[in-house]
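*Asks:* Use the sequences and the hints to build the structure in full.
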Amino acid sequence: MKQNKIDETGRLFGKINVIDLGILLLVVFIAIGAFLKFAVLEQTTVTIEAAPVSYTLEITNVRDWTIRNIRVGDTLYVTGTAVGTVVGIETRPHRVAVSSNDGAVWWGDVPERYVVEVEVEGTATVSDGRFLVSRTVPLSAGTSTTVFTTRYAGFEAMVKEIALYGDE
Amino acid sequence: MEQKRRRFNWFDGLVVLLVLGAAFLWFFVINRTEAVEEATFAGDRAMYYVEVTNLTGYQAAQVEIGDALRDAAQHLPIGRVVEIDIRPFEIRTSDDQNQVILWQTVEDRYTMILTVETEVEETPAAIYAEGEVIIRGGTTLHFTGPGFAFSGGTILGWSERGE
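So the protein sequences, as listed, match chains A and B. Counted from 1, the first sequence has number 96 at position 97 by numbering that gives the first Met the number 0; the numbering is strictly sequential. Counted from 1, the second sequence has number 59 at position 60 by numbering that gives the first Met the number 0; the numbering is strictly sequential.
Be a bit skeptical, because a hint or two may be false.
Derived, one-sided and incomplete: chain B residues facing chain A with beta-carbon distance under 8 Å [as the list claims (entries may be wrong)]:
| hint | residue |
| --- | --- |
| 1 | R91 |
| 2 | L101 |
| 3 | G137 |
Computed, partial: chain B to chain A, Cβ under 8 Å [said to hold, decoys possible]:
| hint | residue |
| --- | --- |
| 4 | F10 |
| 5 | V14 |
| 6 | V18 |
| 7 | A125 |
| 8 | R160 |
Calculated Cβ distances over 12 Å to all of chain B for the following chain A residues [to be verified]:
| hint | residue |
| --- | --- |
| 9 | I5 |
| 10 | R62 |
| 11 | R70 |
| 12 | G141 |
| 13 | Y151 |
| 14 | M157 |
| 15 | V158 |
Simulated from the structure, these hints should not be mistaken for laboratory data. As the structure is a computational prediction, the values presented were derived from the model and not from experiment. Think of the CB as a built atom: it goes at the ideal place given N, C-alpha and C, for glycine as much as any other residue.
*Replies:* The structure is reproduced here in structure tokens:
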């Protein structure tokens with residue numbers, strides 16, 4: 000008579016439970032995977048030390064509420080990643096160029112509208128020439144804008160200048 | 000009656016260890032949330048301000064004190080109106096002769112500023128109204144109330160930052 004591979008107690012060839020065997024195999028695979036990752040395979044990424052970074056944000060054409068909403072000590076976030084702490088805030092009137100009916104162009108301050116400069120300190124790495132603040136958020140000086148948030152407010156700002164203090 | 004003797008099964012021990020390891024990973028690695036360093040508000044209630052501009056008189060008269068507001072997108076509660084300020088709506092113009100930029104009121108158009116009181120929940124990165132909707136100054140809010148809906152409102156900020 001042909002003998003069943005799994006007996007009535009669920010043991011394979013009467014030796015080991017099938018579920019126990021599955022768990023054992025899982026543990027063995029995890030152990031092999033961990034060994035290959037940490038001991039055999041070459042590292043694909045190189046750990047780069049994050050260096051202190053300082054950058055200035057410029058927010059234009061805003062009201063006094065924006066100035067009140069941002070304070071020294073606030074943590075800034077970009078899509079949920081903390082990207083630094085506000086260390087300074089400066090404001091100046093928002094100016095616009097106006098073209099008159101006679102063809103002249105003149106500059107004027109807009110009442111109750113401001114330009115806010117926010118100085119931020121954080122950490123960053125450099126990858127392929129890009130500054131990655133908090134290792135993941137690319138920030139560059141120029142005209143492109145980024146949406147920043149704090150616990151209290153959200154605003155779109157341009158990075159006016161950015162400096163890394165890596166090897167000093 | 001024969002009593003079955005309980006024996007320690009080392010596979011069961013392994014399973015327990017795996018479960019404990021997964022729980023440890025979840026609590027200390029994956030589900031790591033920072034504690035709020037410092038609560039912003041003295042109590043668990045606070046106020047924020049919402050502004051809606053360029054309204055007709057009829058539109059501005061829709062909201063009443065005590066109205067419960069909801070976020071229009073998700074229909075979640077965001078607080079109750081405790082104050083309504085109706086002001087003339089202004090647009091930017093220029094006086095070319097004197098080269099001055101100024102704000103001029105527009106007849107029959109209004110700006111409505113609502114003071115909304117809500118229960119707050121804080122995390123390091125955000126403040127939630129009624130524990131549901133993130134309220135941030137400078138962002139846009141579409142909201143509804145009893146019989147009205149407004150789009151494009153601007154959250155001015157929290158009362159704590161209004162001083």
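*Asks:* State for each hint whether it applies.
*Replies:* Here's how the hints hold up against the structure:
This hint holds: R91(B) has a C-beta 7 Å from the nearest C-beta of chain A, less than the 8 Å allowed. Annotation: interface hint on L101(B) holds; nearest CB of chain A at approximately 7 Å, less than 8 Å. The interface hint given for G137(B) holds, since its Cβ lies 5 Å from the closest Cβ of chain A, which is under the 8 Å cut-off. Given hint, F10(B) at the interface with chain A, holds; its Cβ is 4 Å from that chain's nearest Cβ, closer than 8 Å.
For V14(B), the shortest C-beta to C-beta distance to chain A is roughly 6 Å, which falls under 8 Å, so the interface hint holds. Here the hint on V18(B) is broken, as its CB sits about 11 Å from the closest CB of chain A, past 8 Å. Given hint, A125(B) at the interface with chain A, holds; its Cβ is 6 Å from that chain's nearest Cβ, closer than 8 Å. Below 8 Å, beta-carbon pairs count as interface contacts, and R160(B) has one with chain A at about 5 Å; its hint therefore holds.
Every CB of chain B is more than 12 Å from the CB of I5(A) (nearest about 16 Å), matching its label as outside the interface. With a least beta-carbon separation of about 8 Å from chain B, R62(A) fails to lie farther than 12 Å from that chain, contradicting its non-interface assignment. Residue placement check: R70(A) does not keep its beta carbon more than 12 Å from all beta carbons of chain B (closest about 8 Å). With a least beta-carbon separation of about 22 Å from chain B, G141(A) lies farther than 12 Å from that chain, consistent with its non-interface assignment.
At roughly 6 Å from the closest C-beta of chain B, the C-beta of Y151(A) falls inside 12 Å, breaking its exclusion from the interface. With a closest Cβ-Cβ approach of about 15 Å to chain B, M157(A) is found to remain outside the 12 Å limit, as its non-interface label requires. Even its closest Cβ contact with chain B, about 18 Å, leaves V158(A) beyond 12 Å, as expected for a residue assigned away from the interface.
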